Each structure stands twice: as structure tokens, then as C-alpha cells.
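Between the sequences and the hints, there should be enough to build the whole structure, so can you do that?
2 protein chains.
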Amino acid sequence: MTSDHHFHCFPNRRDFLKLGAALATGISSLTVFSEPAVSQDNEMWIVGPKPGFSPEIGTLVSMLAFTRMQVLHNVQGMSVADLDFLLDAKANTIGALLNHLAATEAYYQANTFDGFAWDKFPDALKQKWDVPMNLGEPARKAIKGHNLDYYLNLLNEGREKTHAELKKRDDKWLATVNEASGMNNYAGWFHVAEHESNHDGQIKFLKSRLPGAKPANE
Amino acid sequence: MTSDHHFHCFPNRRDFLKLGAALATGISSLTVFSEPAVSQDNEMWIVGPKPGFSPEIGTLVSMLAFTRMQVLHNVQGMSVADLDFLLDAKANTIGALLNHLAATEAYYQANTFDGFAWDKFPDALKQKWDVPMNLGEPARKAIKGHNLDYYLNLLNEGREKTHAELKKRDDKWLATVNEASGMNNYAGWFHVAEHESNHDGQIKFLKSRLPGAKPANE
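Protein chains in written order, with the numbering used here: chain A, 1 to 218; chain V, 1 to 218.
Treat the hints with care, as some may be off.
A pair holds if it fits inside one copy or across any two, identical chains being indistinguishable in the list.
[What the hints assert, rightly or not] Derived BS3-like pairs (lysine-lysine); straight-line CA-CA distance at most 27 Å:
1) Lys168 / Lys128
2) Lys126 / Lys161
3) Lys90 / Lys128
Quick caveat, the hints were computed from the structure, so don't treat them as lab data.
Only a predicted model underlies this, so the values are computations on that prediction, with no experimental measurement involved.
Structure representation (C-alpha cells):
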């Protein structure tokens with residue numbers, strides 16, 4: 001085992017740092033991948049409190065950034081054809097999975113910030129997010145033809161709203177248990193973070209099987 | 001969107017609770033899946049401090065349990081043939097992925113608890129874990145023929161050691177930055193948690209393609 005394997009399931013650290021800088025400065029998705037590294041970069045490797053958030057919420061925000069960064073790294077430079085690639089009849093496209101991540105964030109916002117029960121979301125929200133949330137055949141039919149920026153903008157807009165809402169809340173809110181689900185808000189938002197990693201595993205799997213892809217071990 | 005979709009990428013909550021109970025009581029992997037639910041169940045839906053650990057470490061422990069539970073749920077009842085199923089020439093088997101999760105935990109233990117640099121692990125450790133850690137062709141050749149219990153025992157033994165070591169440490173240790181990697185211990189162990197979810201996404205993908213599998217949306 002060499003030091004190259006240290007972050008065996010991480011992207012190259014240099015790329016990571018560039019991404020981190022871009023995310024930290026909040027620039028648009030169009031330029032995310034060409035920004036130089038800045039001093040804030042190293043923050044991406046720290047899980048802990050962040051300025052502007054209560055201590056536990058800042059820790060959560062650093063986790064959300066950690067798994068998001070891996071997704072963004074893995075889809076970097078993808079074409080519409082890559083995003084629409086369907087491995088087999090059961091598979092989801094990478095584009096649909098990215099849309100699914102944005103849908104998940106939107107529904108957790110509606111549930112934990114706006115207080116909507118999971119079976120009582122407003123129609124406008126359902127119209128926008130039900131198809132990517134539920135994936136499967138309807139998503140295979142409906143979600144296609146978009147470029148990477150389309151998906152990155154959905155993800156960035158969602159995350160900006162999440163940050164804005166989390167800034168208004170405190171650690172007591174984070175520990176609050178939702179009576180209907182039995183989960184506390186920390187578990188719900190931790191799920192949003194690890195859920196990105198879950199589908200990132202699938203994105204990597206699909207990516208390594210794109211036409212012309214190089215071999216990958218994971 | 002119905003309430004069934006609430007935990008769209010979670011297992012059925014009832015199964016979850018049974019698993020949670022089994023994990024909470026620390027029984028062996030052989031009996032994990034047949035235990036009835038107990039009152040500790042609901043703890044599995046809470047991310048936060050846990051008795052016996054410092055507050056932040058307890059929160060981390062609840063996250064490690066959260067993603068582990070999903071993996072255990074998804075591999076429940078798998079046969080040797082399921083665990084050795086190879087989707088294509090580039091794929092990893094589900095057995096190899098489980099072994100990989102145990103290897104990851106072992107190396108993060110060696111690095112963060114025992115202070116070994118990533119390129120200076122003891123030979124005995126490398127002999128045991130390098131193949132599952134690195135996956136790919138060597139793992140496809142070497143890791144096969146084991147039943148589910150073999151892998152669950154590796155996972156359980158690793159987690160027990162992690163818990164024992166974490167009990168000796170405090171929140172200050174968790175925030176400590178490793179000079180070589182630039183990561184703090186919280187980021188390293190958060191990675192161990194979200195990494196299980198990452199490969200769990202692949203396990204679900206492979207599982208839905210086992211011979212005779214039912215259709216799955218994710």
C-alpha cells in the first residue's frame with residue numbers, strides 16, 4: 001500500500017483543493033472547475049465548526065461539503081452523452097442521479113425547514129421533484145438532454161438555500177426529533193450528506209463503464 | 001410522493017429497527033437478523049452524543065452506525081453465490097466490497113489510533129488488508145468462496161475495536177489535524193462512515209442485478 005492509496009476513494013487531492021476553493025468562494029458552477037486553489041482549501045479536509053453557523057451545524061455543513069465535493073469531482077467535464085448514458089434497462093443515468101440528489105435536498109428542506117410532512121408536500125414542489133426523487137422508468141423517460149451545468153445549478157441553488165436556512169438555526173434545533181419520523185434533524189441532514197456518497201458510488205461505477213472509459217478499481 | 005418514499009434510499013424502517021436492536025446489543029453476526037426489536041431501536045435514528053463516548057465522538061459513533069446499518073440491511077440473507085457474483089470484468093463482488101469496508105476501517109485505525117503513516121503500515125497488516133483495500137484484479141482472484149458471516153465478522157470485529165479505541169479518546173483528539181494528511185481525525189472517521197455509504201450504493205446496484213433479482217429503482 002503506497003501513499004497514493006491513502007485517499008483510495010477520494011479524488012486526487014490537488015483537484016480536490018481546486019474544487020474546495022471554488023465551493024468556498026461560492027462562484028457559479030460554470031467556473032467551478034477552473035479556479036486556482038486559495039488558502040481556504042484546507043478547510044475542506046476539516047470536519048468541525050464553521051464561521052456563520054452554530055458549532056454542530058457548522059460541523060454538519062462541513063460534512064455536506066465533503067461528500068458534495070466528491071460528487072462534483074467525479075462528474076467534472078461530463079458531456080450530455082455521458083450524463084444520459086444508460087448502462088442497462090434498470091439503470092439510472094448519471095444526470096438523473098444528480099437530479100435525484102437535488103430533489104433529496106429540496107424535500108429535506110421542505111420537511112425540516114418548512115415543516116411539511118412527507119406525504120403533504122405542496123404540488124409545485126412535487127411537480128418539480130417527484131420524478132427525479134423516485135427515479136426508475138419515469139425518470140429514464142423525462143430526464144435527458146441536459147448539460148452538466150443544468151444539474152450543477154440545481155445542486156448549487158439547493159445548497160445555497162440549505163446554508164441560508166441553517167444559518168438561522170442552532171444546535172438545539174439540530175438535535176430536535178421530528179415526531180412523525182422519529183429522526184432528529186441531525187440524522188436527516190447527515191442522511192442528505194451520506195446519501196450523496198451513496199449515489200456517488202453508483203456514479204463512479206457508471207462512469208467507469210462509459211464508452212471509452214479507463215479501467216477503475218472501484 | 002407518498003410517505004413510503006420518505007426514506008427512499010433507506011431500507012424498510014421495521015427491518016432497520018430490528019437491525020438496530022441487534023447492533024445495539026452487540027450480539028454476534030450470526031444472530032443479527034433474527035432478533036426482535038427492543039427499546040434501543042429508536043436510537044438508530046438519532047445522530048448525537050452516546051453514553052460512554054465524549055459528545056462529539058458519540059455523535060460520530062452514531063453516524064458510523066447509521067451507514068453500517070444500511071450496508072447490513074442490504075446484504076442480509078445473501079448466499080455465497082450472491083457475494084461472489086461478478087457483474088462484468090471490471091466489477092467488484094459484493095463480498096470484496098464488504099472486505100474492502102473492513103480493510104478501510106483497519107487502516108484508519110492503524111493511522112489515527114496507532115500513528116502509522118499510510119505508507120508505513122506493518123507487514124502483518126498489509127498482508128491481511130492490502131488486497132481488499134486495493135480491490136481490482138487481485139481482489140477478484142483472491143476474495144471468493146466465503147459466506148456472509150465471514151464478512152460480517154470482519155466488519156464487527158473492526159467496529160468493536162473502533163469503539164474501544166474511541167472510548168479512550170476525547171473531542172479534542174477528534175479535532176486534531178494529522179500533519180501528514182491535513183485532515184483532522186473527525187474528517188478521517190467521517191470518511192469511514194460515508195465511504196460505507198458510497199460502496200453501499202454499489203452493493204445495491206449489484207444486488208438488483210443478481211440472477212433472479214427484482215427490479216430496483218436505485
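Alpha-carbon proximity context of Lys90 and Lys128, limit 27 Å: Within. Shortest intra-copy distance 23 Å satisfies the 27 Å Cα cut-off; inter-copy 36 Å does not.
27 Å Cα threshold - placement of Lys128 relative to Lys168: The answer is within: 25 Å in one copy meets 27 Å, while 48 Å across copies does not.
Between Lys126 and Lys161, at a C-alpha cutoff of 27 Å, which is it: within one copy, between copies, both, or neither? within (18 Å within a copy, 45 Å between copies)
Checked against the numbered hints given earlier, this structure breaks none of them.
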